[in-house]
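We have chain A already, so just place chain B on it with the hints.
Spelled out, the chains give:
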Amino acid sequence: MTPESAGPESPERENIWLHRFAVFTALGTTFLIFAGGMVTSTESGLAVPDWPLSYGMFFPPMVGGIFYEHGHRMVAGFVGVLTFVLAIWVSLKEDRAWVRWLTLGALGAVITQSILGGLTVLYLLPTAISVAHAALAQTFYCIVISLALFTSPDWKRGLPSVRERHGNPSLPWLCVLTTAAIYLQLLMGALMRHTKSGLAIPDFPLAFGRIIPPFDSGAIMIHFAHRVGALLVTAMVSWTLIRIWASYRTHRRLLRPILIMACLVMTQVTLGAFTIWSQKAALITTFHVLTGAMILGVSVLLTLRAFAMVAPEIKARHHLQTA
Amino acid sequence: MHKNKLFAGVFAMLLVLAGCGGGGDDSSALPSAPGGGGTSYDSATATATVTGNIVFDGEVPEAARIQMAADPFCQSHNEGATSEEVLVTESGQLQNVILYVRSGHEGTSYSVPSEGIEINQEDCAYSPHTFTMMANQELTIKNSDTTLHNIHAWAEVNTPFNIGQPVEGMETKKTFEQAEMPVPIRCDVHRWMGAFVGVFDHPFHTTSGSTGSYELKLPPGTYEIVAWHEKYGEQVSTLEVADAQAAELNFTFSAGAEGTSD
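If you read the protein sequences in the order shown, they are chains A and B. Residue numbering for the first sequence follows our numbering, beginning at 1 and increasing consecutively. Residue numbering for the second sequence follows our numbering, beginning at 324 and increasing consecutively.
Okay, chain A solo, but in the shape it has when bound (with noise of 0.2 Å):
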């Protein structure tokens, strides 16, 4: 029976509810990243000094800073909302214990976020808290969609298993270094924005009209480690590109993750060249942010198919025998 021809009150019915509802939070998770860059971007982040309430109020006037900052805080704890309810649908629906586990997992990280949000506004935007609370952003973004996927009636029904062709390291473990590559990168971002790096290198392509800037200060080590990082994605990617291409292509739980990271990375690269040409424009520098958090996601997504898809020769075969 097919998901789509369950009866209303079958398991499986429930259970495409719940993957849709773990999806819905993952894409309230995108647009609460896309916020919270707003509030960077703009430099909002102390327009409402306390916290948790606004002013001393639950809702104050909307207007200039504040829009960014308590809409930030609306929207986190709309999240929060999600991620608590999704807690209890899967403690109550789920078989899988260490499913129950992930999902408490994303509600710890959600309150610990709060938690460092509400910190780093009280302590004037420290930035070891800050960078933190951009660090977790980017994590709980992983666990929520690593919980969209899991949930999804295509993972329990178990995805195909694909024969390890060759390459050294293997498939899921080049996707394990893309992601790990990718997080540092966006870590190395986070540094950035909240040491106010931003334009400590004001030119691109080069940099101060050379290959390699002067190393006068810590701003520009660290704007030129971000653009180095970059560098580095670009070609974990490409190299990720390559082996699917190359190896798994008739695959399309496979290839098209790549491929929408291929493109995300080549607008990435075009929004940064524009993030430092328009001298740090508000809405391009937040597109900036998010499309790396959707790099991540789609790389972290990618990474688990790969672990689920990829098995070495022997169990493949095997699988393809008792299949």
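No lab work stands behind these hints, which were simulated from the structure alone. Each hint should be verified, as a subset may be incorrect.
[Claimed, not checked] Some chain B residues near chain A, calculated using beta-carbon distances under 10 Å:
#1 Ala387
#2 Ala393
#3 Asp394
#4 Leu471
#5 His475
#6 Asn485
#7 Ile486
#8 Gly487
#9 Pro505
#10 Val506
#11 Arg509
#12 Val512
[To be verified] Keeping only pairs whose Cα atoms sit at most 27 Å apart, straight-line, the calculated BS3-like set for lysine-lysine is:
#13 B:Lys465 <-> B:Lys497
#14 A:Lys196 <-> B:Lys554
#15 A:Lys280 <-> A:Lys196
#16 A:Lys280 <-> B:Lys554
#17 B:Lys554 <-> B:Lys465
#18 A:Lys93 <-> A:Lys196
Backbone N, C-alpha and C define an ideal beta-carbon position, used for all residues, glycine too.
Using the frame of chain A, we list chain B on its own:
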């Protein structure tokens, strides 16, 4: 430093969660400025008068128009507002310059004035735009607008603060405990709102205000006098004054070059 802040943050959070949180306003005024020592200052000894003009040399840059559409109140109450960064009088004198003695005053302890200083938020602008005060002198921050503001002091030597004033007529008392020059003040709600305060451990400071001129009362001695502007930086001049002397010291700021004093 960040590690300490992180620990402080976590500790403060635990206090709040345990219901022990809270804390008072740090607005209590202390009787004397730090960094003094030696003999007590007697204002009657300040018999020398230094006056001068802050001359602006060159073409006055056009003041940028401020877009206040983000807050309807500001837009309706301050339509056509322009940046206060560079204001020059009709006679060519630069406003909002902070003037102060950097050296020559040491070895004396100075008492903090009992009267406070006030900065007002009116029509979504700070008044005054620049001002000076002594360390531990009381600063009253007032909101005269029917919109809300936050007052964010970006201090580095002193403890920075960020407070909200959501209600018209609200007043908050604050002090800076250490000398620091300058301390930028910003409203993060209305990004165009900015002011600067110079905090000193002595009473020899003033601003060129709206006239572009100044007057300092000094005891006899030799002083290094600084004129500071938010865009054009600082000019420094050394001056010796005798008892009851009236001295003139002008500073020149140029739009494109280093200024001079005479």
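Which of the stated hints cannot be reconciled with the structure, identified by number in ascending sequence?
-> Hints 1, 9, 10 and 18 contradicted; others consistent.
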